[in-house]
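Protein chains in written order, with my numbering: chain S, 1 to 285; chain C, 1 to 283.
Keep in mind that the hints were calculated from the coordinates and are not lab data. There may be inaccurate statements among the hints.
As the list claims (entries may be wrong) - These stretches of chain C come out as covered by chain S in the derived footprint (C-beta under 8 Å, 3 or more residues):
(1) 97-107
(2) 163-173
(3) 181-190
(4) 211-221
(5) 230-243
None of these values were measured; they are calculated from a predicted model. From the three backbone atoms N, C-alpha and C, an ideal C-beta is built for every residue, glycine too.
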Amino acid sequence: MSTARTARSGAEPIVLPPMGLSASLRRIGALVRRYIYLLRSSGVRLVELIYWPFLQMLTWGFLQKYLAGTTSPLAQAAGVLIGSILLWDILFRSNIGFATTFIEEMWSRNLGNLLTSPLRPYELVFALSVWSVIRLSVSMVPVATAAYLFFGFNLLDLGLPLVAFFAVLVLTSWSIGLISAGVILRYGLGAEELAWSLAFLLLPLCCVYYPVSVLPGWLQVVALALPPTHVFEGMRSILLHNTFDATELWWALSLNAVYLFVGYLTFSRFLASARVNGSLLQLGE
Amino acid sequence: MDERVDGFAKQAGASLAEAGVMDARVPVAVRDLTKIYGSVTAVDHISFRLEPSTTVALLGGNGAGKTTTIAMLLGLVMPSFGEVRVFGADISRNRGEVAHRLNFQSPYVDLPARLTVRQNLTVYAGLYGLANAAERIAYIAEDLQIEPLLDRLTGKLSAGQKTRVGLAKALLNAPELLLLDEPTASLDPDTADWIRRKLKDYARAHGGTLLIASHNMTEVERLADRVILLHQGRIIEDETPKALITTFGRKSLEEVFLDVVRGRAKRDSDDTNGDQPPARKVS
């Protein structure tokens, strides 16, 4: 290499210190940038993000409108169904955002590159979490706006508790996403169905569309051990009775801490197990 | 970790310390490295050390243990026994301390197909912490002649173009240790030759250490200062290419390779050991 070339800008990399918080944030940012590039690369993906929640919202919105004409006092309570579906979508879409983005790394056979780069596994998890919220915003903001325009339901009417509801649902979605990602790491893409189906397990248990009291006693215990149950109960309490019990949310957030810990532990264990059995070498389409 | 493994690891660690290879200047020090998958021993108690600024080839047939060895050096696969030190760091535990000093390329991994080449390189420049990412990418793109590809989707490139882009990613941080698994696999002779020239230039210009897993003899003869010959997970020779040819009494590395994979022994023991694989040489 000639001297002139060596002197050229870019001939040598300027490598920033790899340790510390700023290095971590830089790597998380780099990975989030990768996901933004990915979304930008496909208009279809962008439309798809909005398409399904929009259809769901329309279906439940019209059902709500129809029931409002009946005599049931519950059905006449403004926005309960549409509120349920919007909150459920926060949980479901955030989970899908987390898990499918991880699967995308496997589909594209990029995981080997990532896991041999300076990126730490917890930074990968942070990047997936941040991205799931960005993706969720892209998906839910237009749909929530449409719910207001078409059915006069304003999600913001839930007030300050909405922030807490959002936090609880997103944290739960990350816990499920971590478990799905771990299992897929360990057992390969054959287990990818789990990413789509695990969140649905919560649908009947979290009492999205009905109160906890509907469940048999023993199942109520299970339901109350799940953070999203407290969100849906809280939402109904606000919309139907105009009351809100903050203790329930603290309870839900504490449960979230436990589930997140379990989720990360599961992911770490399965990642370690994938390193032991060599499956990281065989991941791909 | 059971007692036997723990004891082994401690023993290996002690040996490495005694040998002075926990030194951060030593790119790679491997001691008694073993990988067992169920009933299959993929890598069988191998030990070697890479000196700075050398190019070493891991040569062996399919299933000889080359890829598994490289994967263990990278921390992608955990050893069953033994120890890997990269720049003095135990790669199983402290990969983060040294990951920015190495890089790798392999046909077993790809860069995301739906991103452009420039986007992919930008992402990896961020992951490797490059402050001058745009300039570095421009420089590497010119050097590897991928400028016209920068704004094309990575998934739309030919195999040769993908290899060059993969190499660009591997050279972004100008790694002190570059691990390459079959760097010219499935390339036409012209492109393969071009890649080899670039690797040689890189090693010369940056004084980096290269470990190349290959079963391409031309590649090994052209690039390597030293050849570690693997057979059934074991090191059976660790020599310069010339010395290896002489030891086996052959005219080329290819003939040596055929001797090894077909279980023929070295010339000096031909008469007595003709049907057995060559004896393992402990390095």
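Checklist line | Stated coverage of the stretch 97-107 of chain C by chain S [criterion: 3+ residues, CB within 8 Å] | finding: holds (count 7)
Check: Residue count check for the stretch 230-243 of chain C against chain S: does it reach three with CB-CB under 8 Å?
Finding: violated (count 0)
Checklist line | Given coverage of the stretch 181-190 of chain C by chain S, tested with a Cβ cutoff of 8 Å and a minimum of 3 residues | finding: Coverage by chain S is violated here, the residue count being 0 at a Cβ distance below 8 Å.
Item checked: Verdict on chain S covering the stretch 163-173 of chain C, where coverage means 3 or more residues with a C-beta closer than 8 Å -> holds (count 3)
Next item on the list: Take the stretch 211-221 of chain C, compare each residue's beta carbon with every beta carbon of chain S, and decide whether three or more fall closer than 8 Å.
Entry: violated (count 0)
Checked against the numbered hints given earlier, the structure breaks hints 3, 4 and 5 and satisfies all the rest.
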